[in-house]
Amino acid sequence: MNDIRLAGKESEPPPRDDRTRAPVLRAVAVSKRFGHVSALREVTLEVAPGEVLALMGDNGAGKSTLVKILSGAQQPDEGQLYLGDEPITLGSPHAARVLGIETVYQDLALADDLSAAANLFLGREHVRRGPLGRLGVLDVKRMRREAEAEIDNLGAHVPDYRSPVRMFSGGQRQSVAIARAAIWARHVIIMDEPTAALGLVQTEQVAQLIKRTRDRGIAVIVVSHSVPFVFDVADRIAVLRLGTTSAVLSPKTATHDDIVAAITGASVRTAAAR
Amino acid sequence: MTTPLVVDHTDAPAGEPTRGRMRQVLTTLTGNWVFLALIVLIVVFTVDSGSTFFAVSNFRNILLNASDTMLLAVGSAYLIIGGQLDLSIGSVLVFSQVIGAKVVVAVSGTPVGGVFPHALLGIAAGIVASVVVGAAWGLLNGVLVTRLRIPSFIVTLGTLGMALGLAQVITAGRDVTGLPPQIATGLGFRQVLGLPLPVWVALVVALIAGLFLAKTRFGRYTYAVGSNSEAARRSGIRVNRQAVILFVIMGALAGLAGVLDLARFTTTSVSGHSADNLVAIAAVIIGGASLFGGRGTIFGAAIGVLIPAVLNNGLVIVGVQPFWQTVAIGAILIVAVTFDHIKRTQLLRA
Numbered sequence: 002m003n004d005i006r007l008a009g010k011e012s013e014p015p016p017r018d019d020r021t022r023a024p025v026l027r028a029v030a031v032s033k034r035f036g037h038v039s040a041l042r043e044v045t046l047e048v049a050p051g052e053v054l055a056l057m058g059d060n061g062a063g064k065s066t067l068v069k070i071l072s073g074a075q076q077p078d079e080g081q082l083y084l085g086d087e088p089i090t091l092g093s094p095h096a097a098r099v100l101g102i103e104t105v106y107q108d109l110a111l112a113d114d115l116s117a118a119a120n121l122f123l124g125r126e127h128v129r130r131g132p133l134g135r136l137g138v139l140d141v142k143r144m145r146r147e148a149e150a151e152i153d154n155l156g157a158h159v160p161d162y163r164s165p166v167r168m169f170s171g172g173q174r175q176s177v178a179i180a181r182a183a184i185w186a187r188h189v190i191i192m193d194e195p196t197a198a199l200g201l202v203q204t205e206q207v208a209q210l211i212k213r214t215r216d217r218g219i220a221v222i223v224v225s226h227s228v229p230f231v232f233d234v235a236d237r238i239a240v241l242r243l244g245t246t247s248a249v250l251s252p253k254t255a256t257h258d259d260i261v262a263a264i265t266g267a268s269v270r271t272a273a274a275r
Numbered sequence: 002m003t004t005p006l007v008v009d010h011t012d013a014p015a016g017e018p019t020r021g022r023m024r025q026v027l028t029t030l031t032g033n034w035v036f037l038a039l040i041v042l043i044v045v046f047t048v049d050s051g052s053t054f055f056a057v058s059n060f061r062n063i064l065l066n067a068s069d070t071m072l073l074a075v076g077s078a079y080l081i082i083g084g085q086l087d088l089s090i091g092s093v094l095v096f097s098q099v100i101g102a103k104v105v106v107a108v109s110g111t112p113v114g115g116v117f118p119h120a121l122l123g124i125a126a127g128i129v130a131s132v133v134v135g136a137a138w139g140l141l142n143g144v145l146v147t148r149l150r151i152p153s154f155i156v157t158l159g160t161l162g163m164a165l166g167l168a169q170v171i172t173a174g175r176d177v178t179g180l181p182p183q184i185a186t187g188l189g190f191r192q193v194l195g196l197p198l199p200v201w202v203a204l205v206v207a208l209i210a211g212l213f214l215a216k217t218r219f220g221r222y223t224y225a226v227g228s229n230s231e232a233a234r235r236s237g238i239r240v241n242r243q244a245v246i247l248f249v250i251m252g253a254l255a256g257l258a259g260v261l262d263l264a265r266f267t268t269t270s271v272s273g274h275s276a277d278n279l280v281a282i283a284a285v286i287i288g289g290a291s292l293f294g295g296r297g298t299i300f301g302a303a304i305g306v307l308i309p310a311v312l313n314n315g316l317v318i319v320g321v322q323p324f325w326q327t328v329a330i331g332a333i334l335i336v337a338v339t340f341d342h343i344k345r346t347q348l349l350r351a
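Same order as they appear, the protein sequences are chains A and B. If you want our numbering, it's the position in the first sequence, counting the first as 1, plus 1. If you want our numbering, it's the position in the second sequence, counting the first as 1, plus 1.
Chain A on its own, in the form it takes in the complex (with noise of 0.2 Å):
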């Protein structure tokens, strides 16, 4: 499984548009109800190591029922998801990160009160070595360290990594959050919505973590409504509509327009035809 990870550690981005790589990730034919309503039906979906995906579509469209069962918040109620090969079932968010499939929600799910290191280890702490460690005393230099070193690899910049989180601004927040994921992600990132609140400098900083984390082999899956910021991180759009792919689009091929005409459902098949 390391070798994923290793393949993608080559400087060179992965060719874009390579449908020969196995995907790393895939959704077979899922479909997930809440009571009378179709959130999803058949939705089929895969990402590649070292490939971004972007997920567009309107407000209601299932994005986020999608993200929910890809990152084991939700379980769909027909079809099937592949890790690699292995058919899995996701059953809590805590399996999927187990399996090396990391979710950055858009609520950022920090602890506003620790620090950036102990966000980081947050639920994967160090304990020192020794009976110390045996009571659970927490090894908070090493933390720290490492925390510093892997943020520093991402390019992400934290102010601090001794006063809590809550005094950072959005977008610092939101790079630990992102760096948190690309750290103990071994296979998929998935990020719902990252750029939300973010003004122009920070969502391109968010943007550069997107690739440094991709050049490093993982999978993305990234939810946005951010036209521009779609072309500029995407390998491949998924444009979901009423519960279903409405399209699959390549940012070199694909215009503004198609994409919208795909996220309203205006002249669909042309926008699929290019």
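Treat the hints as calculated values from the structure; they're not laboratory data. Please read these numbers as outputs of a predicted model, since none were measured by experiment. From the three backbone atoms N, C-alpha and C, an ideal C-beta is built for every residue, glycine too. There's no promise every hint is true.
What the hints assert, rightly or not - Residues of chain A placed beyond 12 Å of chain B at every Cβ, according to the derived structure:
hint, residue
1, 22
2, 38
3, 93
4, 95
5, 108
6, 126
7, 129
8, 151
9, 154
10, 194
11, 197
12, 216
13, 249
14, 251
15, 256
As the list claims (entries may be wrong) - Not the full set, but computed from the structure, chain A residues with beta-carbon under 8 Å of chain B:
hint, residue
16, 84
17, 111
18, 123
19, 124
20, 137
Use these hints to put chain B onto chain A, whose structure you have.
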């Protein structure tokens, strides 16, 4: 504060560390503000009353009177930092103490010529019984809060009434007496290295609890759960389990405080602990904890315990009506929370 957006970005690398340091200083200052208040109190009373106040025997007295509250405040600090609240601690203390006293009396046997045949065994059994019974109430609180998803404020308001009522039912409203005197001589007033044993118990518990909270994974999870329980859950932390453990610790400490109280007075005091919950919560909040969870220290809580204790003692010595103490603590609580609020809004403005 209203820096333009562009300046904010270009400034970020250079500007952030200094701003961070300023905040750190601010945090340290306000964090130690209560510590300074304690020092000021001690100085004022010393200047006024000299060696009547500033004497080893008097400090010993202050600490002995604060030892119960210290145990309760340690448990409350864990709970409050973990985002919970326990109003039932005074009642649980009383209930545990009643059971403890009953066990001591039952096991110690009938006194022959004023000598209880199994006094030591009885006292040991009473201590264990009191702590275990307290922990059981804590377990009940924790299970109700996590399983029924009722806010801990409500659950413990309910168990407050239940524990006190049951204690009154068991004792028929009369305090349990007739305990072997060894419980006072050997425990309640036993001096070890110049300090009464209850003080040592409170100090050691506070020290261990403080280190555990600051240094261990368990402590970190307590902060995480209180700070953002959803984030903690997504990180794989067993949030409910953590809450139940915190309530059990609280209950066990209330039981321990109950039996130490019993040892000092050789009688239960069924009606004497109705304000313990508020005193303990006030101590934790004065010590810099947030009632919303995620922030606070055992050191702060200990200072928050000592301020009322010193004030009470000092006012008596100075000759002011001790009722003023209640007024002063109320004022200190409000000032402390106001400071906390100011600090919080300043941080959020960043």
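Hint check:
1. 22: holds, 30 Å
2. 38: Non-interface label stands for residue 38 (chain A): nearest chain B Cβ at 25 Å, farther than 12 Å.
3. 93: violated, 9 Å
4. 95: violated, 4 Å
5. 108: violated, 8 Å
6. 126: violated, 5 Å
7. 129: violated, 9 Å
8. 151: holds, 16 Å
9. 154: The claim stands: residue 154 (chain A) keeps its Cβ more than 12 Å from every Cβ of chain B (closest is about 18 Å).
10. 194: holds, 17 Å
11. 197: Given that every Cβ of chain B is farther than 12 Å from that of residue 197 (chain A), nearest at about 17 Å, it holds.
12. 216: For residue 216 (chain A), whose nearest Cβ neighbour in chain B is about 24 Å away, the distance exceeds 12 Å, so it holds.
13. 249: holds, 29 Å
14. 251: holds, 32 Å
15. 256: Consistent with the label, residue 256 (chain A) stays out of reach of chain B, its closest Cβ about 31 Å off (over 12 Å).
16. 84: Residue 84 (chain A) check fails; min Cβ-Cβ to chain B is 19 Å, beyond 8 Å.
17. 111: This hint holds: residue 111 (chain A) lies near chain B, its Cβ roughly 6 Å from the closest one there, short of 8 Å.
18. 123: Where the cut-off is 8 Å and the nearest Cβ of chain B is about 4 Å from residue 123 (chain A), the hint holds.
19. 124: This hint holds: residue 124 (chain A) lies near chain B, its Cβ roughly 3 Å from the closest one there, short of 8 Å.
20. 137: holds, 4 Å
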